[in-house]
Amino acid sequence: MNLTLKIWRQAGPDAQGELVTYPVTDITEDMSFLEMLDVLNEELIAKGQEPVAFDSDCREGICGMCSLMINGRPHGPEVTTTCQLHMRSFSDGDTITIEPWRAEAFPLVRDLIVDRSSFDRIIQAGGYISVNTGAAPEANNLQVQKHKADRAFDVATCIGCGACVAACPNASAMLFLGAKVSHLGELPQGQAERDSRVVKMLNQHDAEDFGGCQNLGECSAACPKEIPLDVINQLNHDFLHAKR
Amino acid sequence: MPELIDNLYALGDQIEDTKAPKVPVDQMWTKAKFENKLVNPTNRRKLSVIIVGTGLAGGAAAATLGEAGYHVKSFCYQDSPRRAHSVAAQGGINAAKNYNDDGDSVYRLFYDTVKGGDYRSRESNSYRLAEVSANIIDQCVAQGVPFARDYGGLLDNRSFGGVQVARTFYARGQTGQQLLIGAYQAMERQVAAGTVEQFTRHEMLELIIVDGKARGIIARDMVTGEIETHLADVVVLASGGYGNVFFLSTNAMGCNVTATWRAHRKGAYFANPCYTQIHPTCIPVAGDYQSKLTLMSESLRNDGRIWVPKRKEDCEKDPRDIPEEDRDYYLERKYPSFGNLVPRDIGSRQAKVVCDEGRGVGPLVGDFRRGVYLDFADAIKRMGVDAVKAKYGNLFDMYTRITGEDPYKVPMRIYPAVHYTMGGLWVDYGLETTIPGLFAAGEANFSDHGANRLGASSLMQCLSDGYFVLPNTIRDYLAQGPFEPVAEDAPEVLEARKSVEDRINKLLSINGDRTVDSFHKELGHIVWEYCGMERNDAGLRKGIDLVRSLRQEFWRNVKVPGSADTLNQSLEKAGRVADFFELAELMFIDALHRTESCGCHFRSESQTEDGEALRDDDKFAYVAAWEFTGGQEGSLEPPVLHKEDLIFNFIQLKQRSYK
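Sequence order for the protein chains is A and B. Numbering-wise (our numbering), the first sequence opens with residue 1 and increments by one. Numbering-wise (our numbering), the second sequence opens with residue 245 and increments by one.
Where hints are given, some of them may not hold.
As the list claims (entries may be wrong) - With a Cα cut of at most 27 Å, we get these calculated DSS-like pairs of lysine-lysine:
id : chain 1 : residue 1 : chain 2 : residue 2
1  : A       : Lys6      : B       : Lys803
2  : B       : Lys750    : A       : Lys47
3  : B       : Lys803    : A       : Lys47
Hint data in this document are derived by calculation from the structure and do not stem from the laboratory.
Let's have the full structure, built from the sequences with the hints guiding it.
Okay, here's the thing in structure tokens:
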């Protein structure tokens with residue numbers, strides 16, 4: 001198929017950016033979206049132009065490195081990561097607009113690449129269970145009810161890609177936060193720090209200039225790992241409890 | 245220079261001592277831990293450690309050394325430590341817990357590892373791996389890793405390729421991700437505590453050696469392009485494997501050999517580079533635009549049945565129309581006791597055999613169809629769709645997304661792909677390389693898996709190295725401190741910086757006609773064709789010539805756009821591919837010199853009547869550790885081979901049998 005791409009190009013954080021139009025031809029439906037961009041980049045280099053910079057690493061939907069707003073939706077039209085999006089989701093003749101994540105807390109680095117280190121700092125604030133190596137008791141001394149273990153797993157599948165923030169009109173990271181607070185809060189191992197964790201992580205969230213949550217649900221709809229919206233309820237519940 | 249063999253390499257001194265304590269294998273680690281010297285807690289913060297890589301080995305080591313109070317500097321090329329490629333491991337992690345009382349033990353895990361590695365691993369290291377495996381599970385559970393549990397709330401296990409006990413702990417199909425998040429969170433806790441400094445989007449480009457000791461690295465800030473000097477008392481490389489030398493592999497796009505190769509060029513021996521694992525259950529190649537291959541966890545082999553049509557003329561048919569009697573469940577037929585659960589090397593090679601016979605399925609690639617069926621129809625009948633979905637749902641979804649086919653209705657098509665590299669930097673029992681003060685952990689070292697790694701053992705080895713081994717053995721090294729401070733303008737540091745800058749300038753100035761990717765693809769094709777699943781003398785010799793001439797063309801004709809002082813992904817790739825070129829030559833030489841077959845290294849000249857790998861223990865029961873002797877860009881000096889004899893005191897060498 002033949003497509004028209006409109007791609008955000010910006011040489012650096014302080015440079016002026018613009019959407020640049022590139023036609024691509026002979027794209028097959030079995031290509032992944034990023035392989036389609038690889039093809040474009042090979043052509044650009046051959047023509048002596050600089051390729052489009054974008055993030056990707058595992059290309060199997062698990063590392064969370066890839067991003068991209070595709071026609072205004074984080075990771076494009078399917079419920080998956082950009083690297084797992086395939087061209088069979090598009091039709092011959094389509095125009096596709098490709099932009100970086102837009103959020104105050106994700107400053108732009110170059111072209112389609114943004115800086116998501118704010119997520120690391122939120123985890124540093126309390127997204128862990130404090131146990132030094134060697135201090136762990138025998139694993140099966142601890143029983144975890146299966147439904148709790150399953151729930152902890154379901155919300156621990158967050159890959160930290162930032163689609164939730166990109167989807168939110170307020171650029172809030174409540175889904176990311178809620179997923180971590182719920183993962184550790186569901187487990188007996190996570191109880192000792194449950195109150196302090198939620199407070200510290202929320203404070204860091206606000207310090208990073210992420211916006212407030214209005215329960216619009218765009219975040220969960222855009223999440224490639226389908227983190228449910230109710231993790232935000234759990235976050236609010238834990239926060240209230242911690243403040244009591 | 246000693247006499248050249250085959251005009252390719254020379255023979256050097258034997259490696260006599262791996263520094264393992266001279267006691268029975270089950271007492272070694274206890275004795276080593278006791279004999280390793282201690283560092284007073286108040287002195288620790290004055291001692292510094294650089295760790296390159298934040299996967300399970302590097303992340304776990306950074307967290308643990310930070311907790312102990314050392315000053316750690318952690319580097320990764322990704323934008324967050326949580327993205328290191330350990331994240332992609334699907335199936336699980338082994339541990340000798342014997343929770344199922346099915347006859348498992350430390351000794352059996354040790355035995356399975358050595359046997360699975362086709363008797364080309366060290367007894368001492370493999371035993372220690374099995375010994376600490378149980379502690380790993382305890383640690384991860386305490387961190388909140390959400391392992392699968394049964395209804396009683398206890399941990400669940402499954403069995404995995406190449407063994408007959410259920411000792412694999414798992415978190416659905418995302419065990420690697422969950423373990424890595426555990427290590428990452430433990431490391432971030434130390435960042436907050438101030439013991440670990442984190443450098444993301446940084447790539448190590450050179451090792452700094454002062455007075456014969458590793459004392460730091462030269463790294464490039466991949467955002468600003470700045471070349472930075474980082475100094476420390478000890479350096480750990482936990483930078484992963486080199487599977488991307490094949491271009492197409494299940495590795496992440498950024499996985500590379502540069503950190504370990506730069507260390508190799510500075511004196512660290514590189515061991516067994518030809519041992520590369522080809523994983524049997526990957527999604528077949530669909531086109532020449534393909535950028536990577538996707539693994540389907542081999543846990544699928546627990547319930548899926550692998551088959552091809554008995555007759556060539558059935559290969560184009562809808563598989564559902566091929567009756568039972570016309571199907572060849574070739575693994576179940578050839579290996580009745582292990583069936584679909586044979587080790588990876590056997591599973592992969594047998595898929596190649598049936599496809600070479602013309603009985604492969606899927607689209608024609610050249611003259612052959614490169615695919616076999618992995619069929620869940622029986623499992624769905626036996627367990628029901630819901631149970632299959634609960635167990636494998638995410639894998640099935642991934643398959644559908646990539647191929648557009650529904651594995652609940654049509655059998656999956658799979659084919660082997662490069663997945664893991666058993667070779668790596670040579671290390672002693674304490675994981676120290678031949679450069680004092682330089683340690684290597686995880687897939688970056690060669691130590692535990694011999695010529696073939698068993699499923700669910702890579703996560704185990706990384707966490708064993710990172711949480712339990714390195715923190716003990718590095719302590720012993722650091723106890724020799726305090727070390728003489730190194731100045732930022734010391735001649736060794738300036739020389740290392742200059743070599744990095746010169747190389748970058750050279751790559752940018754060639755301005756030829758071909759992109760980096762086009763060279764990488766062609767290199768990968770050569771390595772896959774002549775140093776892949778099956779190797780022979782003529783092919784390997786041809787491969788060496790092809791690699792050399794392509795490497796010369798690379799340095800004459802590569803085109804790297806952009807500049808050095810900004811984010812430049814073409815430049816990053818160019819440096820990595822340049823190092824892959826040098827590694828590729830060593831892989832070929834290693835594969836050529838080892839005229840036996842063992843594990844994943846299958847020489848067609850050395851096979852049994854049944855077509856199984858035929859070892860030659862009299863000649864080849866050794867680790868091949870290669871020393872770099874010089875050379876630049878287009879041409880390299882012949883490497884020197886140092887042999888470390890493998891001595892088996894506890895396990896008897898046998899012809900491996902999974903029949």
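Hints, one by one, checked against the model:
1. A:Lys6 - B:Lys803: Holds, at about 25 Å.
2. B:Lys750 - A:Lys47: Between Lys750 (chain B) and Lys47 (chain A) the Cα gap is close to 21 Å, so the pair holds against 27 Å.
3. B:Lys803 - A:Lys47: holds (11 Å)
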